[in-house]
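Participant: So the sequence lines, in the order shown, correspond to chains A and B. When we follow this note's numbering, the leftmost residue of the first sequence carries the number 1, and every step to the right adds one. When we follow this note's numbering, the leftmost residue of the second sequence carries the number 1, and every step to the right adds one.
Keep in mind the hints are simulated off the structure, nothing from the lab. Heads up, a few of these hints could be off.
Unchecked claim - Computed, partial: chain B to chain A, Cβ under 8 Å: (1) S71; (2) G89; (3) P102.
Claimed, not checked - With beta-carbon atoms standing in for the labels, derived distance ranges: (4) E111/B with P233/A: 35 to 45 Å; (5) A436/A with K88/B: 33 to 43 Å; (6) E111/B with L499/A: 30 to 40 Å; (7) S279/A with E103/B: 50 to 60 Å; (8) A514/A with G113/B: 45 to 55 Å.
Even glycine gets a Cβ: it sits at the ideal position worked out from N, Cα and C.
So the chains spell out like this:
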Amino acid sequence: MYDKEKLASLAKQKEAWETGPAAKTLARFPEQRKEYSTASGIPVPRSATPLDAPELDYARDLGFPGEYPFTRGVQPTMYRGRAWTMRQYAGFGDAEESNRRYKYLLQQGQTGLSVAFDLPTQIGYDSDHPMAYGEVGRVGVAISSLEDMETLFAGIPLNKVSTSMTINAPAAVLLAMYIAVAEKQGVDVKALDGTIQNDILKEYAARGTYIFPPRQSMRLITDIFAYCAGELPNWNSISISGYHMREAGCTAAQEVAFTLANAIAYVQAGRDAGLDVDSFGPRLAFFFNSHMDFFEEVAKFRAARRLWARLMKERFGARNPRSWMLRFHTQTAGSTLTAQQPENNVVRVALQALAAVLGGTQSLHTNSRDEALALPSEDSVRIALRTQQIVAYESGVADSVDPLAGSYLVEYLTSQIEAKAREYIEKIDAMGGAVAAIERGFIQNEIQDSAYRYQKEIEDGRRTVVGVNRFQTETQVPFDLLEVDPAVEARQRARLTELRLRRDSAQTSAALAALKDTAAGGGNVMPAILRAVRAYATLGEIIDVLRGVFGEYRSAVAF
Amino acid sequence: MPDSVGLEAKIRVLIAKPGLDGHDRGAKVIARALRDAGMEVIYTGLRQTPEQIAEAALQEDVQVVGLSSLSGAHRHLFPRVVELLREKGMGDVLVLGGGVIPEKDITSLKEAGITEVFTPGTPTGAVVEFIRRRLSGGGA
């Protein structure tokens, strides 16, 4: 994009500046650090110039918003047409309590729902299973049967909201429950709008809510792809997530690399199952973290979009432009929030939210100030939601699409992250792809090494965390924390016992037997799971059938 | 002839994840930091019941058990581990807790026999030092 002669002359001028005025200043006032680099280890120039991204070609590398390679955004008008979806991840206690929180959030101007399930639900245990002890309703809502799901969405018409569900190993079951609730509400199932996370690979790599071994899990995922392609045209059948790997400690460049490496594995699995890439490609969604290193984060989102578009078009031959688009949800970085002086977290979240918006996110969760201490209270959630509303409606940053495009620094970082991610993807390809890389612990080790390095940097003072290793004060938490009602577990147990007595057990058993046959036989399990859900088979019963057929995954314990 | 390292027995530590919580960044960072500080560290991996943890502590003959939970289940699970250790005659094992643990829970955890609770932001060095001091007979 730049004229070669002009670049050469600029290089000379830059040298003159460096040896002249810059050197003079440095001699009198040394810089605070010897080296400046991003969290991913990309060197940060003193002041970026066109020389830092000399190959950048506007038409080839940026394009216009809504056009290939989508560096500038997936829609032509972005937030001028409609602000991003403000979607706070929420859920705790039982279905009734969470239903109340959802209605509160919708009243406060939230525009989409995001369901947090408790750990037993996420790992396929009913609330009355021994492994569920102490965990029921803690980090999310406890859902053990269709009945709980009906309560969760009571009074919320499913054709009027879009719902994202953070559910992975048992995603098929919770999706089936959602469909069944819609049927009971009399809503057209084809109109359902939402997302299931359904991204099992990052569970092995970082998040930990796996159930079945990787290969069997991949089959469940492609079953869901195929089912959604036919039955739920507006549903995002997966949300391929870098978020949790970043929370577990990886860098921005690794986040892009590992997320897209996993995405490649899903696309490949879909194709191996006989699906046309353009039949499910447009329904793949992504989920990223927005961390503290502001410009690197903005660049990360842009790099991820460009790299995915190129991969889908060049590597997989996708023809539908919607298959090329990387649409993503963002959550601010919970792991950057401090238990010390927790009010300061509001500012961290605001900066991270700003980076996500400047990076062109489609939806956003802003974390609450109290998340290093407990589940967020209603007050804290409101402040978090207001933070994004201020970014959206007061700051003006949403008025021009991709406003940091052309910044020498941001374009340089965007190219660097794309290049680093490509290198990792090639390495993972050489190992046989993401599934093999996870099976041999490569991605886990990379994440752990980065996490340890980050911690050491905080401890030796190379990285500042305000209130933690600098500017500390002794303070009390200045606000109330949420407490989950300890009676939830007992209530859930009683409810389940009662349901098991009340339901038509012959129908339930027949549905579970049919599911077992389908799972063992290799047919698509979605219709069989839907049948079991409608017959009020519990989540645990359904997953137990699949555990019997698929086996269970045990992770290695290296550190 | 034993070398100089062999003369001083290494401190043995079990790092465990009770319950269903999958957040193990902190557990792994602590495990590595203790190992780098010269301790013998065993990490259980995810999803351990209190029974499994107490059994592992016995089998591995550890002096320290570090429990990590970020899911809010600490109130149930940490005291249960202490109880089971006592039943196995391992009441003298130092039990430490870490994770997202509100201030008001810390008092009751200590009453239940958890020696110390380390919350987010604790430098790994502080944990190393705490263990060394306690095991050499020093007070908290």
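Participant: Taking the beta carbons of E111/B and P233/A, is their distance inside 35 to 45 Å?
Facilitator: violated (57 Å)
Participant: Range hint 45 to 55 Å: satisfied by the CB atoms of A514/A and G113/B?
Facilitator: holds (50 Å)
Participant: Once the shortest beta carbon distance from G89/B to chain A is found, is it less than 8 Å?
Facilitator: This interface hint is violated because 24 Å lies over the 8 Å limit.
Participant: Indicate whether the distance between the beta carbons of A436/A and K88/B respects the range 33 to 43 Å.
Facilitator: Distance hint for A436/A, K88/B holds at roughly 41 Å.
Participant: Per the CB criterion, is P102/B less than 8 Å away from chain A?
Facilitator: Since the shortest Cβ distance to chain A is 5 Å, the answer is holds.
Participant: So, S71/B near chain A? Judge it on the closest CB pair being under 8 Å.
Facilitator: holds (5 Å)
Participant: Take a look at whether the Cβ-Cβ distance between S279/A and E103/B falls inside 50 to 60 Å.
Facilitator: holds (53 Å)
Participant: Do the Cβ positions of E111/B and L499/A conform to the proposed distance bound of 30 to 40 Å?
Facilitator: The hinted range 30 to 40 Å holds for E111/B and L499/A, with Cβ atoms some 38 Å apart.
Violated hints for the displayed structure, listed by number in ascending order: 2, 4.
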